[in-house]
Amino acid sequence: MTAVEPGTKKKRISKKNKSAWRKTDIQDVEQFLEDQRQEERVGTFTEKQDEDLFVLDSSPLKAKTTTVLSIKQKRKLNAKKPMRTFQPMENTSKVEDPIVKRNHVKQKKNGRNIELEVCNPTKPRHRQANSDRGQYYVKMEQRLADKKAKKTNFETDIWEDVDFRDKIPGLKDEKGWISRDLALHIAGNVGKKLVKTHASMHHKTIKGKKFEAPHPGMSYNPTLQAHEQLLSQVVEREEGIIQKEKHLKRVTTSMFSKVTPQQRDERRLMEMSAGLDEDEKEEESEQEEPQEADSSDKAYRTINAAVERDAKKSKQARRKELKQKELQRKTELKKKLKQQTADLIRIKSIRHELDDEAEDLNDLKKRRKQRAEKKKFEPKRLGRHKFEEPDVDVNMPEDLAGNLRNVKPESNLLKDRFHLLQKNNMLPTTVAVNRKKSKVKRFERNTHKDPGTSYQDLADRRRAAAKAAKQTKDTIKI
Amino acid sequence: MRRPKKYEAGEATQYISRRAAIRKLQLSLNDFRRLCILKGVYPREPKHRRRAQKGSSEIKILYHTKDIRFLLHESIVWTLRDYKIFAKKSSRDRAIKDFRNLKRRMELFPEIKLDHIVKERYPTFIDALKDLDDCLTLLFLFSTFPSLHLIPREQSNLCRRLTIEFLHYVIASKSLRKVFISIKGYYFQAEIKGQKVTWIVPHYYPFKPQSRQEVDFKVMSIFVEFYTILLGFTNFRLFHGLNLAYPPQFPSTLLQDSADTFKDESTFVSDRIAALNFELLRTDKVQEDEEEPDIDMELLEQDGDSKRIIKMKQEAQEISRLRTLFKGLKFFINREVPREPLVILIRSFGGKVSWDASVFAGATFAENDETITHQIVDRPSLSTQYISRDYIQPQWLFDCVNQRQLLPTNDYFLGESLPPHLSPFVDSKRDSYIPPEEKALHDPSLIETHEQSEEESEEEDTAEKEEEVDQELLDAQLQLAYQQETAEYKKYGGPDGVNEDEEDFSEEDDDEEDDEEEDDDEDVDEATKRKLQEKEKMSVQSGKVHKVNKRQVHKAEVDEHRLQARMVKPRHRNLFRKLIREKQTKEKEEWLLRKKRRNIDADSKEAKKTAKREARKLAAEAAARAAKMVK
Chain A
1 MTAVEPGTKK KRISKKNKSA WRKTDIQDVE QFLEDQRQEE RVGTFTEKQD EDLFVLDSSP
61 LKAKTTTVLS IKQKRKLNAK KPMRTFQPME NTSKVEDPIV KRNHVKQKKN GRNIELEVCN
121 PTKPRHRQAN SDRGQYYVKM EQRLADKKAK KTNFETDIWE DVDFRDKIPG LKDEKGWISR
181 DLALHIAGNV GKKLVKTHAS MHHKTIKGKK FEAPHPGMSY NPTLQAHEQL LSQVVEREEG
241 IIQKEKHLKR VTTSMFSKVT PQQRDERRLM EMSAGLDEDE KEEESEQEEP QEADSSDKAY
301 RTINAAVERD AKKSKQARRK ELKQKELQRK TELKKKLKQQ TADLIRIKSI RHELDDEAED
361 LNDLKKRRKQ RAEKKKFEPK RLGRHKFEEP DVDVNMPEDL AGNLRNVKPE SNLLKDRFHL
421 LQKNNMLPTT VAVNRKKSKV KRFERNTHKD PGTSYQDLAD RRRAAAKAAK QTKDTIKI
Chain B
1 MRRPKKYEAG EATQYISRRA AIRKLQLSLN DFRRLCILKG VYPREPKHRR RAQKGSSEIK
61 ILYHTKDIRF LLHESIVWTL RDYKIFAKKS SRDRAIKDFR NLKRRMELFP EIKLDHIVKE
121 RYPTFIDALK DLDDCLTLLF LFSTFPSLHL IPREQSNLCR RLTIEFLHYV IASKSLRKVF
181 ISIKGYYFQA EIKGQKVTWI VPHYYPFKPQ SRQEVDFKVM SIFVEFYTIL LGFTNFRLFH
241 GLNLAYPPQF PSTLLQDSAD TFKDESTFVS DRIAALNFEL LRTDKVQEDE EEPDIDMELL
301 EQDGDSKRII KMKQEAQEIS RLRTLFKGLK FFINREVPRE PLVILIRSFG GKVSWDASVF
361 AGATFAENDE TITHQIVDRP SLSTQYISRD YIQPQWLFDC VNQRQLLPTN DYFLGESLPP
421 HLSPFVDSKR DSYIPPEEKA LHDPSLIETH EQSEEESEEE DTAEKEEEVD QELLDAQLQL
481 AYQQETAEYK KYGGPDGVNE DEEDFSEEDD DEEDDEEEDD DEDVDEATKR KLQEKEKMSV
541 QSGKVHKVNK RQVHKAEVDE HRLQARMVKP RHRNLFRKLI REKQTKEKEE WLLRKKRRNI
601 DADSKEAKKT AKREARKLAA EAAARAAKMV K
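Protein chains in written order, with the working numbering: chain A, 1 to 478; chain B, 1 to 631.
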């Protein structure tokens, strides 16, 4: 039974021969006869009851789900398709492979297909792996639950007074039999050691108040006086900086004159060859000198004179020297004694001198102490860089709007906090380093270069020109 | 005996360089930094650097060896090492594209637990409160951040949540004391459990990107990580102290069944909580009235009336007045005004507040509500205005809170140029010299006199007027004193309490007398006679003003001071002398400045006068000339 399309004509075939008759389609006739026979055997539809023909469908209707694939699913489906890049390699030709029995090289797949192994395990090791995985998942769920419980959710009062003994079952001491020391010892051995915090945990990094009140001139709508005061502070600071810079410039940059490279080289040459020139000069001068030298002194002098021992002292001289020494000692002693007796009278003033000295020392001590005390309030030198006060935040007079809507916020709060941490000795002062990236040598690829003119190009051009010329010639002829 | 080697004892062993510490703890530099910040271990400056650094004189970052040894026992160190392992393993998974494993690993990311560190660093709750300044400022700042490099979004969200909770506590406990708008941001100072906690909230402007050159974001993020945990536990304790449910919840009565609430209840509730405009759910059913702090004061009174106690009493009185400053007032915040700081102010002093519903969720009444008493506006003009309310600029609220009284609103009206906003952190009652302009700002009663005095200077006949002004000033002061007295009387029964009782007694006596009169009619004549006699004798004399002998008062003061000086213990004598000297120098300075000011004022006045006189003279001459010309 071939469906005949309405528009097309049925092809007529000649029924001349028997073989031609065989080609005729008699399927429809046969189908009809078959149906008739079937009806005779079974009976017609009209005779049948409804119950015999239809079945009551008690299962719920499945809602038609419009299958909207998620991006992930789509991606998975796409992954199953062959890659687009390989499409040209596919054999699309209708011509069959002439060699039927070609040896196909089976490409081994990259890695195992774990999904397949999980879904339909074929080997015992697959099954083993599956069971292992199951066990692992159970364990992991337990771990995840533990982790969730561990997360801090601020549901306890950590500052509540809790005795550590209450947490360890055996140590709950109702009758007062277990001493604290013993409890501590047991807790340590049980594995719940009580850690005593080190005293330096609570050490203050800086003395003084943590909160520094803002200057009243920093108000968004300050009084004129306060604002001017703040401004003058800023100006003073700025002037100090300028002065320092000036000083540094005077001491360094302006101390040296600027020279051209040529001059520099000349100077260098002069400097390096300073001694050489002198030698030459000396030689010259030596040549002149001898006449003078001859006139003044003719004695021979060595450069390093030989060391000569002094003439040996005589015994008498030694004795005399000794005597002199003894005499000197005695006179000194006498002088000292005399001084002592004189000092007896001067005892009061000596006491004064001593007192003065002691006072000076005391003063020094006090000053040192004061300095040390003052240092406690100042930022310390923790690292390589010294802490420097950040600039004072101030609104310039023209920026003061006087209302909340137009406030010009001047400071960077984050920077402010960062500097405060440094000031309070909680962070060492650091300077951000700009690491220079190593220079990349860049060059164009040959394929991306501007097309140059090669010999080939030139030849092509010439040929094209010739062709064009020829054509024009032809056209003219016509 | 072994010869002791160099640097085996003393300062050299007390300190350890950062590099050595890292090697000892087997951590990377980043992990070490994190550990130190979390545990509160900071670098130290040695007394003698060369000795501490074993001979080398370059400046290294040093730590106490004991601190580092203490860090060795920390459980976090293991977690930090786990991080390293985690990073290695997960990067391997990523490299071989084993995403199944990677996902599993990500879920098991080892997270740091900091609860025990909070307890360790702040053994008592008060310690934690003392260190809350930095914490709050940083968290308020971070709550405004979007997700940045090194600052994850969860962190800034958590910051927002915790700060909102803290603000709820501040509102519920009415503990706000001082506020200040500076160019940095809004300063708030609250008194929590006797501790002054100050924090800065940045101005409500769009986020401005930061350059990474100036601030180490990673370090700040670590600080914030610790501070979030600290503030979380602090909030928990604070909320429980007020019998509020934590995390904050909404009373179910306020949850109306509308489509809005049903759609997404959690966001609905969190929006309302962030609005700060509703009372939170309490764990106890009964709403307790405010506890009266006066009782403690009464107890203190028995110890005698020393200056300190009087001061404390005044302070307590002021604070109790402050806590109900805006009670009964209804505010509406216009859309151009930053909502949050104003809501905090109004709500924590008992006012009711609402705003345009389109600005933020949680508005309770609309702009056209006739019961609104104040509308807060920050624009030069407004098209539709209601007569029933005051249109004021936001500074009024801040100034009211700082002065602890409701100021007259006329200076703060819509479009007015505002009086300067003074810092509450500068003590207005300080001993040093305060210029009269600033004094006038603090005490509104002085404003008028000051202005008047200026007006007078322009007029000729100053003397009489000045007297009048003096009288007015005196009257004003007397009135003020009287008011204070009555206020005190109301508060504490005051010194007049005894008198009242006496009056009662006298009344009773009268009654008794009446009874007697009824009883014995016979003695009436005698009694009337006696009374008549007494009446004749009675007379009213003109009252005399009690004159204070200044010299005597001064003498008494000096005597008292001498006595005080004698009472000082010998070991405190130096300190006492120093204090006295400081006081004297301060007074002298103040006196000098005042004198200077007086001179300047007088000079300027004189100059004005002469100028005026000359002008008048010139005018007179001109008039005369004109008259002549006419003639």
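You may find that some hints are simply not true.
[Said to hold, decoys possible] As a list, the in silico DSS-like pairs of lysine-lysine whose alpha-carbon atoms are at most 25 Å apart:
{"hint": "1", "chain 1": "B", "residue 1": "K89", "chain 2": "A", "residue 2": "K151"}
{"hint": "2", "chain 1": "A", "residue 1": "K375", "chain 2": "B", "residue 2": "K569"}
{"hint": "3", "chain 1": "B", "residue 1": "K130", "chain 2": "A", "residue 2": "K207"}
{"hint": "4", "chain 1": "B", "residue 1": "K39", "chain 2": "A", "residue 2": "K150"}
{"hint": "5", "chain 1": "A", "residue 1": "K151", "chain 2": "B", "residue 2": "K113"}
{"hint": "6", "chain 1": "A", "residue 1": "K196", "chain 2": "B", "residue 2": "K24"}
{"hint": "7", "chain 1": "B", "residue 1": "K307", "chain 2": "A", "residue 2": "K415"}
{"hint": "8", "chain 1": "B", "residue 1": "K578", "chain 2": "A", "residue 2": "K193"}
{"hint": "9", "chain 1": "A", "residue 1": "K192", "chain 2": "B", "residue 2": "K39"}
{"hint": "10", "chain 1": "B", "residue 1": "K39", "chain 2": "A", "residue 2": "K376"}
{"hint": "11", "chain 1": "B", "residue 1": "K586", "chain 2": "A", "residue 2": "K151"}
{"hint": "12", "chain 1": "B", "residue 1": "K174", "chain 2": "A", "residue 2": "K139"}
{"hint": "13", "chain 1": "A", "residue 1": "K209", "chain 2": "B", "residue 2": "K208"}
{"hint": "14", "chain 1": "B", "residue 1": "K24", "chain 2": "A", "residue 2": "K210"}
{"hint": "15", "chain 1": "B", "residue 1": "K119", "chain 2": "A", "residue 2": "K150"}
{"hint": "16", "chain 1": "B", "residue 1": "K103", "chain 2": "A", "residue 2": "K72"}
{"hint": "17", "chain 1": "B", "residue 1": "K218", "chain 2": "A", "residue 2": "K374"}
{"hint": "18", "chain 1": "A", "residue 1": "K148", "chain 2": "B", "residue 2": "K39"}
{"hint": "19", "chain 1": "A", "residue 1": "K148", "chain 2": "B", "residue 2": "K88"}
{"hint": "20", "chain 1": "B", "residue 1": "K89", "chain 2": "A", "residue 2": "K193"}
{"hint": "21", "chain 1": "B", "residue 1": "K89", "chain 2": "A", "residue 2": "K210"}
{"hint": "22", "chain 1": "A", "residue 1": "K209", "chain 2": "B", "residue 2": "K596"}
{"hint": "23", "chain 1": "B", "residue 1": "K569", "chain 2": "A", "residue 2": "K204"}
{"hint": "24", "chain 1": "A", "residue 1": "K147", "chain 2": "B", "residue 2": "K439"}
{"hint": "25", "chain 1": "B", "residue 1": "K103", "chain 2": "A", "residue 2": "K147"}
{"hint": "26", "chain 1": "B", "residue 1": "K174", "chain 2": "A", "residue 2": "K192"}
{"hint": "27", "chain 1": "B", "residue 1": "K569", "chain 2": "A", "residue 2": "K366"}
{"hint": "28", "chain 1": "A", "residue 1": "K72", "chain 2": "B", "residue 2": "K583"}
{"hint": "29", "chain 1": "B", "residue 1": "K113", "chain 2": "A", "residue 2": "K374"}
{"hint": "30", "chain 1": "A", "residue 1": "K210", "chain 2": "B", "residue 2": "K39"}
{"hint": "31", "chain 1": "A", "residue 1": "K376", "chain 2": "B", "residue 2": "K24"}
{"hint": "32", "chain 1": "B", "residue 1": "K583", "chain 2": "A", "residue 2": "K147"}
{"hint": "33", "chain 1": "A", "residue 1": "K151", "chain 2": "B", "residue 2": "K103"}
{"hint": "34", "chain 1": "B", "residue 1": "K97", "chain 2": "A", "residue 2": "K415"}
{"hint": "35", "chain 1": "B", "residue 1": "K196", "chain 2": "A", "residue 2": "K139"}
{"hint": "36", "chain 1": "B", "residue 1": "K583", "chain 2": "A", "residue 2": "K386"}
{"hint": "37", "chain 1": "A", "residue 1": "K151", "chain 2": "B", "residue 2": "K311"}
{"hint": "38", "chain 1": "B", "residue 1": "K24", "chain 2": "A", "residue 2": "K366"}
{"hint": "39", "chain 1": "A", "residue 1": "K209", "chain 2": "B", "residue 2": "K103"}
Quick caveat, the hints were computed from the structure, so don't treat them as lab data.
Quick rundown of the hints versus the structure:
Only pairs whose Cα atoms come within 25 Å are accepted, and B:K89 paired with A:K151 is accepted, the gap being roughly 23 Å. With a C-alpha separation of about 31 Å, the suggested pairing of A:K375 with B:K569 is violated against the 25 Å cut-off. With a C-alpha separation of about 14 Å, the suggested pair B:K130 and A:K207 falls inside the 25 Å cut-off, and the hint holds. A C-alpha spacing of about 19 Å is found between B:K39 and A:K150, which places the hinted pair at or below 25 Å, so the restraint holds.
A C-alpha spacing of about 7 Å is found between A:K151 and B:K113, which places the hinted pair at or below 25 Å, so the restraint holds. Taking the CA atoms of A:K196 and B:K24, the gap is about 21 Å. The hint holds against a cut of 25 Å. Proposed proximity of B:K307 and A:K415 is contradicted: the alpha carbons are some 43 Å apart, above 25 Å. For the hint linking B:K578 to A:K193, the alpha-carbon distance of about 52 Å lies beyond 25 Å, and the restraint is violated.
Of the pairs offered as hints, the one joining A:K192 and B:K39 holds, with about 21 Å between alpha carbons and a cut-off of 25 Å not exceeded. Taking the CA atoms of B:K39 and A:K376, the gap is about 22 Å. The hint holds against a cut of 25 Å. With a C-alpha separation of about 57 Å, the suggested pair B:K586 and A:K151 falls outside the 25 Å cut-off, and the hint is violated. For the given pair, B:K174 sits about 50 Å from A:K139 by alpha-carbon distance, which is inconsistent with the 25 Å threshold.
Proposed proximity of A:K209 and B:K208 is contradicted: the alpha carbons are some 30 Å apart, above 25 Å. At roughly 33 Å between alpha-carbon atoms, B:K24 and A:K210 are farther apart than 25 Å, so this suggested pair is violated. Distance restraint check for B:K119 and A:K150: the Cα-Cα separation of roughly 17 Å lies within the 25 Å cut-off, and the hinted pair is therefore satisfied. A hinted pair counts as satisfied when its Cα atoms are at most 25 Å apart, and B:K103 with A:K72 qualifies at roughly 16 Å.
Restraint check for B:K218 and A:K374: the C-alpha separation of about 32 Å exceeds 25 Å, so the hint is violated. Straight-line distance between C-alpha atoms of A:K148 and B:K39 comes to about 24 Å, which keeps the hinted pair within the 25 Å bound. Taken as a hint, the A:K148 and B:K88 pair is honoured in the structure, with Cα atoms around 24 Å apart against an allowance of 25 Å. Of the pairs offered as hints, the one joining B:K89 and A:K193 is violated, with about 33 Å between alpha carbons and a cut-off of 25 Å exceeded.
As the CA atoms of B:K89 and A:K210 are separated by approximately 44 Å, the hinted pair breaks the 25 Å bound. Restraint check: the Cα-Cα separation between A:K209 and B:K596 comes to about 34 Å, which exceeds 25 Å; the hinted pair is violated. For the proposed pair B:K569 and A:K204, the alpha carbon gap of about 32 Å is over 25 Å, so the pair is violated. A threshold of 25 Å between alpha carbons decides the hint, and for A:K147 with B:K439 the separation of about 61 Å lies outside it, so the pair is violated.
With a C-alpha separation of about 16 Å, the suggested pairing of B:K103 with A:K147 holds against the 25 Å cut-off. Between the alpha carbons of B:K174 and A:K192 the distance comes to roughly 42 Å, so the proposed pair goes past 25 Å and is violated. As the CA atoms of B:K569 and A:K366 are separated by approximately 24 Å, the hinted pair is consistent with the 25 Å bound. With a CA separation close to 80 Å, the supplied pair A:K72 and B:K583 exceeds the 25 Å bound.
For the hint linking B:K113 to A:K374, the alpha-carbon distance of about 39 Å lies beyond 25 Å, and the restraint is violated. In summary, the hint linking A:K210 to B:K39 is supported, as the alpha carbons are separated by about 19 Å, within the 25 Å threshold. Only pairs whose Cα atoms come within 25 Å are accepted, and A:K376 paired with B:K24 is rejected, the gap being roughly 30 Å. Taken as a hint, the B:K583 and A:K147 pair is broken in the structure, with Cα atoms around 63 Å apart against an allowance of 25 Å.
About 19 Å separates the Cα atoms of A:K151 and B:K103, which keeps this hinted pair within 25 Å; it holds. Taking the CA atoms of B:K97 and A:K415, the gap is about 41 Å. The hint is violated against a cut of 25 Å. Of the supplied pair hints, the one linking B:K196 and A:K139 is violated, its CA atoms being roughly 50 Å apart against a limit of 25 Å. Note on B:K583 and A:K386: the hinted pairing is violated, with a Cα-Cα distance of about 37 Å set against a maximum of 25 Å.
For the proposed pair A:K151 and B:K311, the alpha carbon gap of about 48 Å is over 25 Å, so the pair is violated. Distance hint between B:K24 and A:K366 is unfulfilled; the C-alpha atoms sit about 41 Å from each other, more than 25 Å. Between A:K209 and B:K103 the CA atoms are separated by roughly 49 Å; this puts the pair beyond 25 Å, and the hint is violated.
Violation of the numbered hints given earlier is confined to hints 2, 7, 8, 11, 12, 13, 14, 17, 20, 21, 22, 23, 24, 26, 28, 29, 31, 32, 34, 35, 36, 37, 38 and 39; the remaining hints are satisfied by the structure.
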